[in-house]
Amino acid sequence: MAAKPKLYYFRGRGRMESIRWLLAAAGEEFEEEFLEKREQYEKLGKEGCLLFGQVPLVEMDGMMLTQTRAILSYLAAKYNLYGKDLKERVRIDMYVDGTLDLMMMIAVAAFKSPEEKEESLALIVKKAKTRYLPVFEKILKDHGQDFLVGNKFSWADVQLIEAILMMEELNASILSDFPLLKAFKTRISSIPTIKKFLQPGSQRKPPPDQHYVDVVKHILQW
Amino acid sequence: MAGKPKLHYFNGRGRMETIRWLLAAAGVEFEEELFETREEFEKLIQGGTLLYDQVPMVEIDGMNLVETRAILRYLAAKYDLYGRNLKEQAWIDMYVEGLKDLSDMIMYFPLSLPEEKEKNLNYILERATTRFFPVYEKALRNNGQDFLVGNRISWADIQLFEVILMTEECKSDVLLDFPLLQEFKVRMSHIPTINKFLQPGSQRKPPLDEDSMKTVKNIFRFEHGMFLKNMTTIVAEY
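Chains as they are written, first to last, in our numbering: chain H, 1 to 222; chain V, 1 to 238.
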């Protein structure tokens, strides 16, 4: 029997969180090894596990997968969350690249000085409201379906709900002008695997705090 | 009959160049609509074909595709340059993500403030020779084949070739310690479609010079000066 996927990362969201979401949405159990000391990270490097010396690392199906987007694409295809054909897949790719960009900005903001961080987060909220959320609201409006692509639950929906929840942490009323996204959020939250992931005690990670930032900086020697 | 793909971008490499390389290597003819001013770019935005008001955008198969990676994946799959199965695809994805990190640094390098140029250039070359090129040299050594994945040409090989040439523009002997990459480079340049793209008069774009730099800054309104290490898009992922 195949072993569970094993995730190697810091004990926090960063670039691994979207991977956790996708595995959870697919109903796939996974293990985690948290990097808390520099030695652990160096050990992974010395053992040749990190293709470019970087995490996230996901050990699964006999492979050491690195590079967030490579991992996410692999998982989406493996768990049938990548559309039924190339045209649906490219739409999913366009949507997830947009939301990933937004979430990466949030992840990086945690490492800035308090002043720059505030500025970054304000800019992110603005971009979300003017560039990204309107796009997804319109997509849902135009086809009137429950899911973003192909009338079927896909990676794009998982990514969007993750992004929406992250944005709401920054600005609780961010969906106030987006009724269809509000309904989308409610709908997707009640999908059993997603609902389970949203419960306390799941492997979902909290927003980055100072401790997380300090650990990462220590391990990566930033 | 389907029309040729149509590329919308400014008249330069930027994020569109890898797309041009992939199409060219696949032997696919394409058209380009290249804007030169901020006004032309805004007109394109107002036309409503840019999902996130950003370029690159490629019109193909009745769709307006945006997001460089999404476009490259679509083309790679369509033209059979994406491996034969999911595992090969994963390897190609990992390789091209690494190449993107390196080429992003080189792409943004001209935006360095004068006092940062030398530091940034040294950083790029250090990363190229210690983090990135060793990976590809090792891949070729381990599989003993002509190509990175699955013993046949893929998106990964095309982008590696492109990035080698870009890095050599920064320092001509950067492949000194990488004999297999040197051979790879020669082999790739002999492939007919690629050889054709390397000829003068092809749709391959030159590196930015002073004038085209000014045009780009005017169109996209970049802030002046960036220290590469701090850029969110190219802080290599951790």
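Since the hints were made in silico from the structure, they are not lab data.
Check before you lean on any hint, since a few could be wrong.
Computed list of lysine-lysine pairs in DSBU-like fashion (alpha-carbon distance at most 35 Å, straight line) [unchecked claim]:
1. H/Lys117 to H/Lys129
2. H/Lys4 to H/Lys141
3. V/Lys87 to V/Lys119
4. H/Lys37 to V/Lys217
5. V/Lys87 to H/Lys195
6. V/Lys87 to H/Lys126
Computed from a predicted model, the values in this text were never measured in an experiment.
Each hint tested on the structure:
| no. | hint | verdict |
| --- | --- | --- |
| 1 | H/Lys117 to H/Lys129 | 18 Å, holds |
| 2 | H/Lys4 to H/Lys141 | 38 Å, violated |
| 3 | V/Lys87 to V/Lys119 | 38 Å, violated |
| 4 | H/Lys37 to V/Lys217 | 42 Å, violated |
| 5 | V/Lys87 to H/Lys195 | 30 Å, holds |
| 6 | V/Lys87 to H/Lys126 | 39 Å, violated |
Hints 2, 3, 4, 6 from the earlier list are contradicted by this structure; the remaining hints agree with it.
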